[in-house]
Every structure is written in C-alpha cells, then in structure tokens.
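There are 2 protein chains.
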Amino acid sequence: MKIVIIGGVAAGAKAAAKSKRLVPDSKIDIYTQDSHVSYSACGMPYYIQGNFEDYHNLIIRTPERFEKDGIDVHLYHRVEKILPDLNKIVVRDLDKDIVFEVEYDKLVIATGAVPVRPNIKNIDLKNIFTLRRLEDGIAIREKLRKSKRAVILGGGYIGLELLEAFVANKVHTTLIERSQHIMSILDEEIGELVQDFVSTLYPERTKIITNDEVTEFIGEDEVNAVKTKNSKIIETDMVLVAAGVRPVVDIAKEAGIVIGKTGAIKVNSRMQTNIENIFACGDCIENVYAMTGAAVWIPLGSNANKEGRSAAMNLCGFPEDFEGILGSAVTKYFGLTISMTGYTEKYAKQNGYDPVTVMITKRDKAGYMPDAENVTLKLVASRRTHQLMGGQAIGCGDADKRINTLSAAILAGITAEELAGADITYAPPFSTSIDPLISAARILVEKLKK
Amino acid sequence: MKIVIIGGVAAGAKAAAKSKRLVPDSKIDIYTQDSHVSYSACGMPYYIQGNFEDYHNLIIRTPERFEKDGIDVHLYHRVEKILPDLNKIVVRDLDKDIVFEVEYDKLVIATGAVPVRPNIKNIDLKNIFTLRRLEDGIAIREKLRKSKRAVILGGGYIGLELLEAFVANKVHTTLIERSQHIMSILDEEIGELVQDFVSTLYPERTKIITNDEVTEFIGEDEVNAVKTKNSKIIETDMVLVAAGVRPVVDIAKEAGIVIGKTGAIKVNSRMQTNIENIFACGDCIENVYAMTGAAVWIPLGSNANKEGRSAAMNLCGFPEDFEGILGSAVTKYFGLTISMTGYTEKYAKQNGYDPVTVMITKRDKAGYMPDAENVTLKLVASRRTHQLMGGQAIGCGDADKRINTLSAAILAGITAEELAGADITYAPPFSTSIDPLISAARILVEKLKK
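Protein sequences appear in the order of chains A and B. Quick note: the first sequence, position 191, residue 192 per the numbering used here, numbers continuous. Quick note: the second sequence, position 192, residue 193 per the numbering used here, numbers continuous.
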C-alpha cells in the first residue's frame with residue numbers, strides 16, 4: 002500500500018507514524034514545502050520567550066528518525082495538484098525546481114492552516130512577522146532580543162502568548178485588537194477580566210488598544226511604526242501579525258474535494274473526504290461539535306493529533322469513528338490561566354440555542370491556604386435539555402482542572418443537576434470542600450427551575 | 002419547625018445553615034460535646050505544619066455567627082440518648098453536669114467519626130495524640146515544635162499529611178504501617194511508588210517501617226519509646242495514632258436506627274434513616290457508590306458537606322436525591338500529588354468485578370517545558386460494560402486534573418472508548434498534545450478488545 006501524506010507538522014506526522022505501525026510494509030511518503038516536519042507549533046511562543054534555549058526541543062521526530070522507521074520525508078517539496086482520477090499528485094522539488102508525479106493508493110491531506118496576512122499597506126516591510134513555521138519562531142526570537150518596542154496585531158491565543166513572551170523580555174509592547182476586548186473568542190465579561198489582568202500586570206511596558214486596527218505600516222526597508230484607523234502612530238522595532246488563521250484548502254478544492262461551510266475540508270467521522278481514498282486531518286479540516294454534531298472549524302494541536310491518528314486507523318482498515326470535538330482550549334498569560342470548552346454563551350445564541358448561564362468567582366483552594374487564588378467560572382447549559390454546553394474558566398487559581406472536569410461532563414451529555422452531584426477530589430491544597438464547579442452547577446440548577 | 006442537629010463540624014454545620022436559609026422561621030439547635038463547631042478538620046495538618054499561624058482561620062462559622070443567623074449552638078453538650086417515640090433527645094450539659102430533654106420535629110444526626118484507639122499497652126501515656134478535634138490540632142502543633150523525634154502509627158491520608166508536617170518541621174519521624182505499603186487504600190503498585198517517594202525525599206529524618214505494628218508504648222508519665230511486634234524499640238518525644246477512624250453510631254443504634262453493613266448509619270437517597278423524621282449525614286453515615294449503588298463508608302469532608310446540604314433540602318421539604326459518591330480523594334506529600342476516584346483494582350476484585358486496568362507514566366506537560374513532571378495514572382474499567390470504574394494518579398505533575406476529568410466520566414457512566422475521544426485542553430504549559438488520560442484510555446480500549 003502506497004500512502005502519500007501532504008504536510009507533516011502534527012496531523013500529517015501522526016498519520017504517517019501511526020500508519021507505519023498499523024501496516025508496517027506500507028510505503029509512506031510525506032511531502033512538505035517546509036524545512037521541518039513533526040514539531041510542536043504550540044511550543045514556539047515558549048521558545049521565543051526563552052523558557053528553553055534550543056529549538057530542537059520542539060522537534061518531536063526528525064526526518065532521519067522517520068527514514069529509520071521506513072517513512073520517506075521530502076522537505077522543500079510543494080504539492081501543486083491532486084489528480085484523484087489518476088491517484089497521483091504533482092510535486093515540485095523547490096530546491097531543484099523540477100516537477101514530477103507520485104502515485105498513491107491512499108492520500109492524506111494535512112496541509113494545515115496559515116496566518117491571515119491582512120491587506121494592509123506596506124505589509125511586506127522587514128521585521129513584520131507571522132508565526133507558523135519553525136523558521137518564523139527562530140526569526141522572531143532573534144529579532145525580539147534586539148528590540149525595545151514591538152506591536153502585535155490581534156489579541157487571540159497567539160497574540161496573547163507572544164505578548165507574554167515580549168513583555169517577559171522587557172520589550173515595550175502594544176497589542177492592537179479590532180474587537181472590544183482581547184480574547185474575543187470568550188464571552189465579553191470573561192474577555193474583559195482577561196484584559197484587565199493583562200493591562201495591569203506590567204503596565205509600564207504593556208499597552209492594549211481595542212476597537213482599532215492597523216491601516217498602514219510605516220518605514221523604508223524596515224517597519225518603524227504602525228498607523229491605526231483612529232490615526233494613532235505607534236513607533237516600533239518589530240511587528241507580529243496574529244490576525245487569525247485560515248485553512249489551506251486550495252489544492253484540495255481544485256481537485257474537487259468538498260469544502261464545508263466553515264471554509265475547511267469536509268470529512269466524515271472517519272476523516273474521509275468525498276473521494277474514497279483521500280483522507281484529510283488537522284488544521285485544514287472541518288470537524289463537528291461532539292454535543293450537537295454542528296460543523297465547526299477549530300484548529301488546535303490537540304485535535305490535529307487525534308485526527309491524524311484517526312485518519313491512519315481508518316485508511317489502514319481499522320475503522321473507528323471520531324466523535325467530534327468540544328473546542329477545549331487553554332492558554333496562560335503569566336500566572337493567569339484562561340481556558341474554555343464547548344459553546345460560549347454568545348456562540349450558543351448566535352447558533353439559535355437558548356442558553357442559561359452562571360458566572361461565579363471563588364477561591365480555588367481552602368481560603369486559609371497561603372497560595373489560594375481566585376478562579377472565575379462561567380457555565381453554559383441548554384434551557385431545554387439542562388445539558389451542559391460549555392464553560393469558561395480564568396484565574397490565577399487552578400482553572401483548567403474545572404474546565405476539563407466539565408469537558409468530560411459535556412462529552413457524556415450530563416445535565417446541570419447531575420454535575421451538581423459530581424464527586425470532585427477535595428483537600429485544602431487542591432480545592433474547597435464544595436468545589437467552585439459544583440457551586441456553579443447548583444446555581445445553574447436553581448436558574449433552570451425558573 | 003424545631004430542627005435539632007447533633008454534631009456541628011462539617012455536615013451538621015452545613016445542615017443547620019442551609020435549613021435556616023430554606024425555612025427562615027424554623028428553630029434550629031446544634032448540640033455538640035466539643036468546644037468548637039464549623040471548622041475545617043481537613044485543614045488541621047496544614048495548621049500543624051505551619052502553613053498559616055492562626056487556628057481561627059480554620060473556623061468557617063463561629064457560634065456567634067450562628068446565633069446571629071438564628072441558630073443556637075450548644076457547646077459542651079453531649080447528646081446521650083435519642084427517644085424517637087417521643088421526638089426527644091436527652092442532653093447532658095457537661096459544664097454544669099445536668100441532664101435535660103429537648104423536643105424536635107426533625108432530628109439530624111451528624112456525629113461524625115472518631116480515630117480508632119487501638120488496644121495497645123500504655124496508650125494513655127502523655128504525648129500520644131490522635132487528630133480529630135481542633136484542640137487536638139493545637140496540642141499536636143505545640144508539642145511538635147518542642148520535639149526532636151516523633152512516631153506516627155498508620156500511613157493513610159492523615160498519617161501521611163502529618164508526616165509532611167513533622168518532617169517539614171525538621172522532626173525525625175518514624176511512620177509505622179501494618180500493611181505492605183503506606184497508602185494501602187491504593188493499589189499495591191501505586192502505594193509502592195508513593196512509598197518510594199516518601200522514603201527518599203528527606204531520608205535523613207524520615208523512616209518508613211511496613212509490615213510491622215506497635216505493641217507497646219514505653220514511658221512513665223510521658224511516652225518516650227514505642228516497641229513493635231518485630232521487637233524494634235524506637236525512641237520518641239511524641240506519638241500520633243492515625244490508625245483509621247470509625248463512625249460514631251452508638252446513640253443512633255441504641256435508638257433503633259438501622260446501621261448498614263459497613264458499620265455506619267444507613268440512610269436512603271434523601272439522607273433519611275429508617276425513622277421518618279430522623280436524618281443523618283456526614284462521616285457517621287453509609288453512602289453508596291454512584292456507579293454501582295453498592296454501600297460504602299468513605300468519610301471525607303467533601304461528602305460531608307454535600308450530605309449536610311442534602312439532609313437540609315430533604316428535611317425542609319425540598320426533595321432531592323443524592324446520587325451517591327465516587328470516593329474521589331486527593332492529598333499531597335510535599336510536591337507529590339496522590340489522588341483517586343472510584344474503585345481500585347483490588348477493591349473491584351474483592352467485590353466480584355472483573356476489571357481491566359492500565360497503568361502509564363507520562364509527562365504532565367510538553368516535555369520541553371522546564372517544569373514538566375511525571376504523572377503515573379492507573380485506570381480501572383469493567384470488562385463487561387467497558388465503563389470506567391475508577392482511577393488513581395500520582396506524581397509531581399498535575400495528577401488531580403486527570404482524576405477529576407475521570408471522575409466526571411465515571412459519574413456519567415462513559416466507556417473507555419468514549420474517554421479515548423475526550424477533548425482535553427492542551428497548551429504546552431498544561432498538558433501534552435495527547436493528554437496522559439487519553440493515552441491511558443486508548444491502551445485500555447486495546448486491552449478490552451482482547
């Protein structure tokens with residue numbers, strides 16, 4: 002069996018390794034236009050920050066290791082076309098600039114996502130970065146260490162993680178966000194709390210501008226300022242554009258592979274596209290919410306790994322259905338943990354649900370423990386079924402523990418009433434005798450009675 | 002409505018406060034032979050250790066606060082008899098040494114549990130302590146600070162928490178455990194790991210003796226050595242007896258209240274005993290495992306609080322069924338977290354189940370993060386239904402997050418296959434891209450196929 006995989010960061014690398022274990026005598030080839038495969042993209046902000054020194058730590062599996070396992074990795078090879086009727090792909094060797102065809106029995110598309118490059122004047126000036134490839138991370142880290150001032154466009158996960166990295170390196174940083182609050186994926190009142198924390202932690206070198214956007218980069222060869230819609234001019238030594246990502250679907254689309262309404266590749270529960278022997282996984286695919294079956298595009302490393310594994314299982318003849326995702330995510334800004342799972346209130350409302358919500362702030366541990374900290378928890382449940390639909394938790398306390406307990410509850414479809422009866426581990430260094438998650442569930446139960 | 006509550010630590014205090022909120026014009030009286038009500042017994046080891054200085058921090062609600070809320074607290078009043086036919090209790094005022102009767106409409110028994118005092122020669126010597134009441138905690142802390150050597154009998158939760166307190170205070174401590182390993186509530190291989198950690202962390206002042214027990218305390222007025230079955234003589238300045246606890250059920254039993262096979266008071270899902278207007282809650286009652294309905298006695302602060310609340314709801318006419326417990330528990334020994342939920346393998350086997358298990362050790366965070374630590378996770382599932390039955394997690398990494406995610410999964414009755422599809426939050430400072438819990442579930446799925 003000839004398995005060809007396009008892309009090799011998380012999903013592609015996982016699909017390759019798992020397929021080889023499942024069908025050891027298969028021939029497996031990974032094609033990527035990049036210079037590296039199988040690395041932790043999610044770890045780059047921490048490399049940039051300086052939590053560790055060697056970027057090789059981010060590499061999970063080297064091309065040499067793949068070769069040793071019998072998987073051929075073709076770096077600097079761009080797949081330009083898929084020919085489904087011929088079971089072939091057209092590949093360009095970027096080094097030698099030659100084009101050739103490769104046959105496959107099964108094809109896996111794992112082309113991932115790329116940062117959106119907004120149409121802003123002078124965006125091609127030097128020292129304007131996006132973060133996707135390992136080289137981007139290396140270049141940002143290098144430039145950061147020579148910079149005094151920086152501007153970040155976008156206050157989502159990447160923007161916030163890079164803000165931490167920049168501020169930790171004593172760089173005066175201005176983050177510009179178009180929405181009313183940073184972390185606009187969260188509900189407004191949670192995003193507001195995050196923003197308050199971020200703005201006040203190192204105020205001398207952190208500036209958050211919201212409801213504004215960059216309209217022009219200023220500079221000759223290198224960027225040295227940005228201009229915003231509200232006519233602010235902000236001088237800077239470097240710019241990071243973190244204005245979102247989009248799935249890479251062009252060659253798939255051109256080959257007649259169905260794209261979902263989210264703009265990502267549509268697959269069934271077995272990671273199969275509309276073409277039987279073509280699978281797709283990772284940041285380029287549309288998945289479904291496990292609790293509703295509704296299509297959604299949430300590019301996350303956790304999903305990519307699971308989808309890559311699922312693609313391998315199914316293409317190798319071990320059928321297994323993927324239940325969907327919850328969109329569980331976590332990040333931090335210095336001591337503040339920010340985490341969520343499932344639907345936010347606004348997402349639920351936008352999608353026609355009638356949610357009931359509760360938001361509480363409690364200590365994460367017994368109040369007399371010296372390291373007790375706050376955690377703010379918001380729960381979202383369906384008024385109709387009483388089932389939990391989502392939650393958000395932020396705080397310097399242990400927030401992600403509560404979100405993960407909730408994520409299992411949502412996956413299982415349990416109700417607010419059932420969650421109120423949860424048996425959460427308690428000891429003073431770990432929780433309060435009635436855990437915040439249970440307190441919140443109880444209030445939700447009362448609200449649902451009305 | 003006259004509500005009388007016997008005992009006021011966790012369950013009793015909660016039942017009183019909640020009842021008052023539900024039925025503000027009820028008359029509520031708490032009777033206790035102790036000197037304090039409403040304190041965090043679970044917090045005493047941390048007070049003893051010196052994590053905070055003032056024991057008043059442990060007090061959740063003072064008698065004055067109760068009085069202010071319209072609840073009468075009678076300290077140093079021992080309830081000697083319950084007269085169910087007359088709806089009365091017989092109370093002895095220990096200060097004045099007088100006996101009187103009190104009428105009730107609803108009675109709540111929250112007499113808790115007391116440490117077992119084993120029948121060992123000279124156990125009444127001075128400086129031999131057990132830990133239950135606040136005064137015990139204060140006395141142990143005081144003696145500890147004047148001691149150079151200590152002996153602890155029993156390596157369960159209390160024994161281990163006090164060992165940390167003693168060792169942290171630079172006291173040379175010998176812990177003597179009858180079983181093969183400390184933390185014998187856990188499966189052997191997990192208990193072994195705990196013991197390895199405990200024995201090697203501060204070896205110069207920590208000695209663990211297993212498969213042995215104290216047969217005699219030696220001393221005139223004060224204890225100055227213990228003698229063991231294996232004829233060891235260990236000199237000491239103080240002894241802590243943490244040889245387990247037993248439910249306080251004597252007056253209940255005498256009044257014809259049914260005691261369960263675990264030795265604790267039998268209640269229905271509404272905290273009601275066999276006598277309609279007598280409720281019971283907290284460490285003195287038998288509960289059931291939520292996943293099997295099997296009777297079990299697990300005295301824990303988390304359960305006590307929930308049961309106290311449940312008793313209040315039901316006796317005040319807001320019927321609500323208690324789903325049962327999972328036995329979720331957590332403690333720590335310095336940096337090592339030890340947590341569990343549901344059935345251990347040995348408990349499952351002892352109770353006639355056919356469990357399938359898996360045990361793995363993984364990093365709790367991305368390996369390149371400088372603070373990544375190990376977590377060892379054991380899962381127990383039913384071979385018949387594939388449902389999760391329990392789990393144990395220990396490690397210097399984030400163990401209790403995994404156990405609480407699992408606890409929600411067990412509560413909901415989900416299978417190993419479903420758990421393998423869990424969507425757990427991932428970012429390098431919080432998890433690995435495939436969380437250890439998912440890795441373990443996947444191995445379980447494979448084992449269940451065989």
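Any given hint might turn out to be false.
A pair counts as met if it fits within one copy or between any two copies, since identical chains are not told apart.
[Said to hold, decoys possible] With a cut-off of at most 25 angstroms between alpha-carbon atoms, the simulated BS3-like pairs for lysine-lysine come out as follows: (1) 3 to 254; (2) 208 to 97; (3) 208 to 21; (4) 448 to 228; (5) 127 to 448; (6) 69 to 149; (7) 21 to 451; (8) 19 to 333; (9) 19 to 228; (10) 233 to 208.
Because the hints were derived from the structure by calculation, they are not lab data.
Now for the hints, and whether the structure bears them out:
1. For the identical chains of this complex, residue 3 and residue 254 are intra-copy neighbours only, at 23 angstroms inside a copy versus 74 angstroms across copies, given an alpha-carbon limit of 25 angstroms.
2. In this assembly of identical chains, residue 208 and residue 97 lie within 25 angstroms of each other by CA distance neither inside one copy nor across copies; the values are 46 angstroms within and 68 angstroms between.
3. Taking identical chains as interchangeable, the C-alpha atoms of residue 208 and residue 21 are never at most 25 angstroms apart, the minima being 49 angstroms within one chain and 50 angstroms between chains.
4. For a Cα distance limit of 25 angstroms, the shortest separation of residue 448 from residue 228 qualifies neither inside one copy, at 47 angstroms, nor across copies, at 60 angstroms.
5. In this assembly of identical chains, the alpha carbons of residue 127 and residue 448 never lie at most 25 angstroms apart, being 55 angstroms within a copy and 55 angstroms across copies at closest.
6. Taking the closest pair of Cα atoms, residue 69 and residue 149 never come within 25 angstroms of each other, the shortest separation being 45 angstroms inside a single copy and 59 angstroms across copies.
7. In this homomeric assembly, residue 21 and residue 451 come within 25 angstroms of each other (Cα to Cα) only across copies, at 22 angstroms, whereas the closest approach inside a single copy is 56 angstroms.
8. In this assembly of identical chains, the alpha carbons of residue 19 and residue 333 never lie at most 25 angstroms apart, being 31 angstroms within a copy and 37 angstroms across copies at closest.
9. With identical chains, the CA atoms of residue 19 and residue 228 are never at most 25 angstroms apart, being 48 angstroms at best within one copy and 59 angstroms at best between copies.
10. Taking the closest pair of Cα atoms, residue 233 and residue 208 come within 25 angstroms of each other only inside a single copy of the chain (13 angstroms); across copies the shortest separation is 67 angstroms, beyond that limit.
When each numbered hint is compared with the structure, violations occur for hints 2, 3, 4, 5, 6, 8, 9.
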